[in-house]
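Colleague: Protein sequence lines correspond, in order, to chains A and B. Count the first sequence with the numbering used here and you get residues 13 to 126, in order. Count the second sequence with the numbering used here and you get residues 309 to 423, in order.
These are computed hints drawn from the structure, not numbers from a lab. Values in this document were obtained by computation on a predicted structure and should not be read as measured data. Here a beta-carbon is modelled for each residue, glycine too, at the ideal position from N, C-alpha and C. The reader is advised that the hints may include incorrect statements.
[To be verified] Below are the DSSO-like pairs computed for lysine-lysine, each with C-alpha atoms no more than 27 Å apart in a straight line:
#, chain 1, residue 1, chain 2, residue 2
1, A, 49, B, 323
2, A, 70, A, 80
3, A, 70, A, 83
4, A, 34, A, 80
5, A, 34, A, 69
6, A, 70, A, 34
7, A, 54, B, 365
8, A, 83, A, 49
9, A, 69, A, 49
10, A, 49, B, 319
11, B, 319, A, 80
12, A, 54, A, 69
[Stated by the list, open to error] Here chain B is said to cover these stretches of chain A; the calculated rule only asks that three of the stretch's residues, wherever they fall, bring their Cβ under 8 Å from a Cβ of chain B:
#, stretch
13, 30-38
14, 43-54
15, 65-78
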Amino acid sequence: GENVEQHPSTLSVQEGDSAVIKCTYSDSASNYFPWYKQELGKGPQLIIDIRSNVGEKKDQRIAVTLNKTAKHFSLHITETQPEDSAVYFCAANAGGTSYGKLTFGQGTILTVHP
Amino acid sequence: GAGVSQSPSNKVTEKGKDVELRCDPISGHTALYWYRQSLGQGLEFLIYFQGNSAPDKSGLPSDRFSAERTGGSVSTLTIQRTQQEDSAVYLCASSFSQGSYNEQFFGPGTRLTVL
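Isolated chain A (complex conformation) (with noise of 0.2 Å):
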């Protein structure tokens, strides 16, 4: 099945710097790339995704970009700011399968300094 391995685990940046959290995946037929953000005492929530038809993708100051030969996904946060310290998590579809049955990583906490 689909392993996804998740760097760093902790992530520490000072208010206006940028942050990449680094994913790999081992499933080749996986083609769909989402990432969530968790704060405290709730649910992930999606922040962007990127289909394996893309090799990019940017929502305002957030990022991803998708490597498909060498398996491995990015997310780019740049002029962070304190509201987006939380744990991050990268996933990838089971591939093969037709519906969306997500491996995650381990999580990436990030803690962005005033």
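With chain A held as given, fit chain B onto it using these hints.
Modeller: Using the frame of chain A, we list chain B on its own:
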């Protein structure tokens, strides 16, 4: 509109007891997923429902775990004879339909503590 709701928000139980966790998906969402999140870990897939049927139960850790969905809406996850290793946050998600590209909306979770 209302999001995914889960109850109870917290559950403390004694080892060996049975527990039931409830999930109310977003109205009209036909797909429903259960995940488990252990402390400091990512989310682990448990089971998927399309309507009332469960085509994929592959993530259920043991036969002590079961789930059902009635009326294409509410789902209940039951853990029998709870063990300490069952302690985790149980998250439910729903999506408009099955299909890889449908966003999964998560509830706030139920934190289960087995003493």
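Colleague: Are there three or more residues in the stretch 30-38 of chain A whose C-beta lies within less than 8 Å of some C-beta in chain B?
Modeller: As far as the stretch 30-38 of chain A goes, the hint is violated, because 0 residues have Cβ atoms under 8 Å from chain B.
Colleague: Holds or violated: the stretch 65-78 of chain A covered by chain B, criterion of 3 or more residues with Cβ-Cβ distance under 8 Å?
Modeller: violated (count 0)
Colleague: Tell me if the straight-line CA distance from residue 34(A) to residue 69(A) falls inside 27 Å.
Modeller: holds, 15 Å
Colleague: Going straight from one Cα to the other, do residue 70(A) and residue 83(A) come out at no more than 27 Å?
Modeller: Holds: residue 70(A) and residue 83(A) sit about 19 Å apart, inside 27 Å.
Colleague: Below or equal to 27 Å on CA atoms is what counts here, so check residue 69(A) against residue 49(A).
Modeller: holds, 17 Å
Colleague: For a C-alpha distance cap of 27 Å, please report whether residue 70(A) and residue 34(A) respect it.
Modeller: holds, 16 Å
Colleague: Is the Cα-Cα distance between residue 83(A) and residue 49(A) 27 Å or less?
Modeller: Holds, at about 22 Å.
Colleague: Sort out whether residue 69(A) lies within 27 Å of residue 54(A), counting only the CA atoms.
Modeller: With a Cα-Cα distance of about 26 Å, the restraint between residue 54(A) and residue 69(A) holds, given a limit of 27 Å.
Colleague: Is residue 70(A) within 27 Å of residue 80(A), Cα to Cα?
Modeller: OK: residue 70(A) and residue 80(A) at ~18 Å, within 27 Å.
Colleague: Hinted pair, alpha-carbon criterion (27 Å max): residue 49(A), residue 319(B). Please report holds or violated.
Modeller: holds, 24 Å
Colleague: Against the 27 Å threshold, does the CA-CA distance of residue 54(A) and residue 365(B) hold or violate the hint?
Modeller: holds, 25 Å
Colleague: Within a Cα-Cα threshold of 27 Å, do residue 34(A) and residue 80(A) meet the stated pairing?
Modeller: Roughly 14 Å separates the two Cα atoms, so the pair holds.
In the structure shown, a violation is registered for the earlier hints numbered 1, 11, 13 and 15, in ascending order.
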